[in-house]
Amino acid sequence: MADPKGFMTTPRETPTRRPVDVRIQDWREVYEPQSLEHLQKQAGRCMDCGIPFCHSGCPLGNLIPEWNDLMWRGDKSEAINRLHATNNFPEFTGRLCPAPCETACVVGINRDAVTIKQVELRTIEEAFDAGDVKPMPPDRITGKTVAVIGSGPAGLAAAQQLTRAGHTVAVYERAEKIGGLLRYGIPEFKMEKHILDRRLNQMEKEGTRFRSGVDVGAEITGADLRKKYDAIVLAVGATQWRDLPVPGRELKGIYQAMEFLPWGNKQALGEVEVPPINVAGKHVVILGGGDTGADCLGTSIRQGAASITQLEIMPRPTEERPSAQPWPTYPMIYRVSSAHEEKDNRMFSVSTEKFLGDADGNVRALQIVETKFENGKFEPVPGTAKEIPADFVFLAMGFTGPEQSPIISQLEVKLDERGNIARNANFETSEEGIFVAGDAGRGQSLIVWAIAEGRSAAAAVDTYLTGETQLPSPIEPTTRSLMV
Amino acid sequence: MAGGGESLSERIDAIKEEVSQAIADGARIIVLSDRDADAEEAPIPSLLLTSAVHHHLIREKTRTKVGLVVEAGDVREVHHVALLIGYGAAAVNPYLAMETAEDLVLQGVITGITPEKAVRNLIKSLGKGVLKVMSKMGISTIASYTGAQVFEAIGLSQELVDEYFVGTTSRLGGVTLDVIAKETIARHHIAYPPGGAIPGTKRLPIGGEYQWRREGEPHLFDPETVFTLQHSTRNKRYDVFKRYTNRVNDQSTRLMTLRGLFAFNEGVRPAISIDEVEPASEIIKRFSTGAMSYGSVSQEVHETLAIAMNRLGGKSNTGEGGEDPDRFLPMANGDSKRSSIKQVASGRFGVTSDYLVNSDDIQIKIAQGAKPGEGGQLPGNKVYPWIAKVRYSTPGVGLISPPPHHDIYSIEDLAQLIHDLKNANKNARVHVKLVAEVGVGTVAAGVSKAHADVVLISGHDGGTGASPLTSLKHAGAPWELGLAETQQTLLLNNLRDRIVVQTDGQLKTGRDVVIAALLGAEEFGFATAPLVVSGCVMMRVCHLDTCPVGVATQNPELRKRFSGKPEFVETFFEYIAEEVREILASLGFKTLLEAVGHVEYLDTKRAVDHWKASGLDLAPLLVRPDVVSALHNTSKQDHGLDAALDNKLIELAQPALTKKEIVKINLPVRNVNRTVGTMLGAEITRKHGGGGLADNTIDVTLHGSAGQSLGAFIPSGLTIRLFGDSNDYVGKGISGGRVIVRPDEKSTFKSDENVIAGNVIGYGATSGQIMIRGVVGERFCVRNSGATAIVEGIGDHGCEYMTGGTVVVLGRTGRNFAAGMSGGRAFVLDLDPANVNTDMADIVAVPEDQQEILQVLIAAFAQETQSEVATELLNNWKESIKRISLVMPRDYARVLDAMARATREGLPVDALVMEVAANG
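So the sequences go chain by chain: G and L.
Using this note's numbering, you'd call the opening residue of the first sequence number 1 and step up by one each time.
Using this note's numbering, you'd call the opening residue of the second sequence number 1001 and step up by one each time.
These are calculated hints, taken from the structure and not from any lab test.
Glycine included, each C-beta is placed from N, C-alpha and C at the ideal position.
Do not rely on the hints blindly, as some may be mistaken.
To be verified - Simulated coverage check for chain L against chain G, where a stretch passes if three residues somewhere in it have a Cβ under 8 Å from a Cβ of chain G:
#, region
1, 1225-1232
2, 1434-1441
3, 1714-1720
To be verified - Far from chain L, by Cβ distances over 12 Å, these chain G residues were calculated:
#, residue
4, R28
5, D215
6, V381
7, P477
Isolated chain G, as found in the complex (with noise of 0.2 Å):
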C-alpha cells in the first residue's frame, strides 16, 4: 500500500490555478503543474481501504488503491495500465469529472480526500509524455462490424473497446468532428482539444473508423445501418435541452447553453475570429447553477461580458456536507468552480417570471422572483420580483433525454417513460442487435457514468456478436449511485 501514515502526515494540496487576471486574458486550461514529488506525497495518503469507497464511488471501478499506490512507489509505466484496465480516457475524466471517488475517499469521513482525480490525470500525463500511450490494434479481426451513432465519451470509449476486439467499427457524428460534448460542450479552459485530437489518433490507428459531419437517419438511415452492420450502438446522448417557456422566450438574445457553447470553443481554436454570438461588452445572465452554466460563466467571461449574473432556483447549498447527503454520496454542496474564481454573482433562490424585451424583439432584462421551497414545488415569494438587465440570456437547466431524430424512429427502438431509449439488462434495445449506451438510455449523466456505459454496452454487443467476452463489464443499465 501506499503510505501508511500519509493521510496523517500531509496534508491535502491540489494544484494552483494560474491566476485570475492573466487566465481570463486567453482560453487555455486554468492549472499550473504541480511537481512530480508533491503529487507523489498526495498519492501516498490513500490508505488502501479494505473497502475502498473510491472505487464503488467511480462507475468505472477505477483501481484507485492500486494506482495511487504505484504513482506514489513511481511505478508510472504499471500505473498507466492499471488505470488503462478500467478507463479508456483517463485525460478527459481527469479534466472533467466531478470526482465522486473524491466525496466517497474514506479520508473524507473525517479529513480531506486524496487528491484521486490529479493523480488519475497525472498518471495519463506522464504516460503520453513518455510515450506511453501506444495504438494497441487487435491481433485479429472479427469479421463483424459495429456502427456506433454519435462520439461522446459514450459512443468512443465503446468504439474503442469493441475495436480491440476485432470488430469493425464506424464512429458516426453528425457534427463537423468527432467527439460529440467532448469537443463543443467543454470549453477549451476546461479541457485544451489537442487532448481530444491526440486520444483520437491512437483510436484511429487502431482502426475505429470515423465518419464526422453525417447525418445519421437522413444520409444513411436506419435500413442502412441494418444493412451495412452487424451491430449497432446508439450513443447518441441526451441533447434535448429543458426549455423556458414563459413570456417573452421568442425575444432575439435568449439562446440555449449548447447554442452558445461551441461558438466559444471555435473562437478559442481560431476557428471563427468573432463568433455570431458574441457577449463582449454586453450583459449576460445565465439560467441554471450547475456546469454548463458555469461553462457558459466561463465563456462569457473570456469574451470580455460587461456583467454576468446567474440564476439558481435552488436555494444556496451548504459549505458542508447536508446530513440527508451524507458521505459517501455525492453532496449538492457550495462549490467555487474556476469560472466562479474568475467570477462569481450567482444568485440563489430565484426564479424567471418573463422575459421582456426592447422595441426590436431584442431582450433587455429579465423579471425576476425569489422563491421557496413549499409543498413540493417552488412559490413565488409575493413582493420580491425585480427586473435585471440583460442583452443575452443563456438557458443551461438541463437536458431531458435524446432528441427525437429520425434515426430512433427508423430504427423503430423504443423509448421508456422517462423518454430514453429502452433497454434490457445487456443494454439491447427493443430491437434485436441495436444496442443503446450513456445518455441516451441512463438520461444526462456524468461522463465516467458515459464511459462506463460504453464500455459495458461494447462487452454486451461482443457477446451478441460472438457468444463470449472477456470485455469488462463495470455497470449494468440500472446501476446507480450510492445514495440515501
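For chain G, the structure is supplied; the task is to place chain L on it using the hints.
Quick look at chain L alone, frame taken from chain G:
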C-alpha cells in the same frame, strides 16, 4: 480440456497408471508437475491430483514405497501448502509463487531486497505458516502431518470425496468433478483466451479476496451495506435499514453463507399479529456484543458499546484485555460503562477478583472464531500506558496471549476452571466459547457436563482485521454447521436443558438471528455490525494502529475522530429485534425462545440455481433428534458450591468482612476441598472493593492436603497458610492476597528436594504473594503480571509469557525457563543457562540496587516458612548473591531504562516510553 469432468477423470486415471508403472520400475520419488501446461492443456488442480495419486497408492498398497513431490503453479498461500502436505505431499515446489516473488523485486514493486532473498523469505514464511497451522492442530512433526487430512471440506460431493479425498468429512455434499473441470477451464481461458487476447485486457484481475473490489469476490460488507447500515442507525431510518438487511439477506444468488440458502417454512403454524409477539426489549436481552479487547479497539468504542448494551439490557463483552475498575462504577448521568461479560482468555490480562466480581457473565475463551487455535500478540508500540494499566503490564512492552490456557489440558481441567470462576463470582454465569468445527458438538457436550452455564458456538467468519490471513480465510467452520451439530449432540445426550446455547459470527440481520434460533441458539452475539454502526469502515488495518475512524487504534489523534454514539448502537439492536419480531409473527411464534430448536421451520429446498451450489445438501443441518427433551435451557447447573469449605470460612470471617476486624481461622483441609479461599475472597471484594482489606486481616491456617486451585483469585486482606501439600493451580490469578505453603510441622523430609505442590501455580497472577517451601511442578508463574513468588525449585516452562512481578527460585529450574517472558524479573539460584529460553530475556548478575530488595524478600520467606535453603543463603549473603542470576526480559529492561532516564531528565515518561517502543 474439451471433455469436462470426464476427460479430467480420464487424465487422472492415466496419471495413476503412470505412477504405478513407475513404482513397478523402481521409482522411489514421484514428481507431480504442472509445468507443461500450455494453451492446449490446462493444469489439473494440484490438490486434486496429489490426493488422487496418494489414495490410489494407498489402495494399491504401494504408498510407502515412494515420496510424492508436488510442483505446482497454483500453490501460493500457506493454506495451499498445508493442504498438499495434509493430503500426502512430502515436498512442495511452488514455482510460480517463487517466480512471482522474484519478478516483483525485479519490477521494483518490492524494494530493498535481492530476488534470491525474496524467494528465500517466501519459502521461509510458507514453512513457518505451515508450522503454525500444524501447531494449531496440535501436531508437532511434519511426518505426522503428512497425509493426516486434518481438514473438513465444505461443498464437495460425497462421490468426489470417496474417489479422491477418501476419509475427509464433507457434511453437506456439493460439487462434482464436472464443476472442478469447468472452473479449471474458466481459469485457463483467462490465461489463454479462446479467441486470442484483447489488447488492454491482459492484466491479471485484481482479485478482491481480502479487500473488496467491484469486480472481485463478493463480501457481506460492501460499500452499500456499510453505508446503509451506518446511515440508517445514525439517522433512525428503518426504511434504509431494510435496504441494508435486504442486501445482506439476498445471498442466495451470491452464495456467501450457508444461511443464505435457507428459506423459512411459513404456514407450519398460522401467522400471528406482530402485536402478539414479545416486545423488542425482551428480545434484546438475548443480544450481546462481541469480545473485542480494550487495546484492540479504542476506549471510545469499547465504552460506547458498553453504555449502549447497558441501556438496552443486553450485554457487552470486555474481550481479553481487562477493564479499568473505574468503569465498574455507575456514571453521573446514570449510564454505566461496565461490561457485563468479562472474558477470561489464555492471557488472563487484568483478571482480578474485582474484575470477576463485577461481571454478570464470565466467558472462558477457548478459541476465537476469527483465528481458532491461535494466540495473539499486542506489539509494544500499541501498549500505550492506559492499555498497560488495565492489562497489568508495562507500557511499550509487547504482550503475548499464549495459544492455550495453561490451566486447561483436558475437559476435567476446564471443569475446574469453570468451578474456580463460579467461586470467584457465584452470581455470574460461566460461558465457554468454542469455535464451530467438526466435533464441536462433542466438546459442547463435555462443556455442559463440566457445568458451564452457557456455551458459545462461534462461527469462523468472525472478523478482525488483525487476524493472520490464513486464519481469516481457511480456519473454522460456519456457525450454522457448529450450531446444528451442538444442538443435535446436546439433545441426544440429554444435556440441552441445563445449558444456554449462544452463537456469533457475522450475525447481521433479524433473519440471521431467527435462523440461529431455529438451529438451536437462544442467545446471539454481534461484533462487526455494531462496530460498523460505531464508525468502522472495514479498513482492515487494525494491526497498524492507523485506523482513520478511531475505532481500532490507540493513537490519541486518531481516537479524536471517533464519531460513534451509544444511541446508534441502541438503534441497531432495536431494529434487529424489530425484524426478529416481524419474522416471528410470520412464523407464528410469540417469543424468540419458543422458536429455539425448531428446525422444521427451515427449508433447504429453495431452488439454488447456481451451477456451483446444485450439489449441496443442507438436510443434515435440519435433523431433530427424536428425544423427549426441551429444545432450550430450562434448568440451572449444579455447581456444588454448597459443599465448599468457603461457606465455613465466610461464616468465621464475618467480623473481618463487616467490621474489618482481624480474624484468625484454623481448620483442617482435604483434597476434596477445591478452590479454597476464592468465595471468601469474592466476599471481601464485593464488600470492600478491588483494594480488599489490609494485609493479613483474615489469616487462615490450614493443615492437610489442599485440593486444586488453593487461593485462586484471592484479594488483599486474605492470607492462606497451608501446612501440608497442595494440588495444582495454587494462587491462580491471585490478586493481592497471600498464599504460603510449607510442609507440615511434623514432616522430616528435606523440603527443597521434594515436591509440595502441583502444576501451573500463580498462572495469571496480578498481585499478591506466593511463598512455597518446596519444589513445585511445571509452568510456574506463567503469565504472572505482578505477584511476587518464591519457591525452592520448579519444573519446566517456568515464568513463561510473564509480563510483570518477581519470581525467586531457590533451587533447580526445568527447561524452557522464561520463554516469551516480556516483563518482570526472575532471580534464580545456581541457574543452568542451558535451561533458559533467551529469545526474549537475558541472564545477568543481580544488579547492586536490587540486591537488598532480594535479601529482604528471601528473609521474609525464611521467616514465613522456616525455609532452610533461605536461611543458609542469608547466613552467607555475600557469597550467596554471587550464586543468584537475574533473568531480565530485554524489552522490559529497555523501557525501564527509558523511564529512569525520563525521571532523571525531567522528560514526559509516557511519551519517551512510547517513542522507545515505536523505534524498537
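How the hints compare with the structure:
Look at the region 1225-1232 of chain L against chain G: 4 of its residues bring a Cβ nearer than 8 Å to a Cβ of that chain, three or more, so the hint holds. Residues of the region 1434-1441 of chain L lying with their CB closer than 8 Å to a CB of chain G number 0, which falls below the three-residue condition for coverage. Counting residues of the region 1714-1720 of chain L whose beta-carbon sits less than 8 Å from any beta-carbon of chain G gives 0, not enough to reach three: the coverage restraint is violated. The Cβ of R28 (chain G) lies farther than 12 Å from every Cβ of chain L, with a closest approach of about 31 Å, so its non-interface assignment holds.
No beta-carbon of chain L comes within 12 Å of the beta-carbon of D215 (chain G); the shortest separation is about 32 Å. Every C-beta of chain L lies more than 12 Å from that of V381 (chain G), the closest at about 30 Å, which supports listing it as non-interface. With a least beta-carbon separation of about 16 Å from chain L, P477 (chain G) lies farther than 12 Å from that chain, consistent with its non-interface assignment.
Checked against the numbered hints given earlier, the structure breaks hints 2 and 3 and satisfies all the rest.
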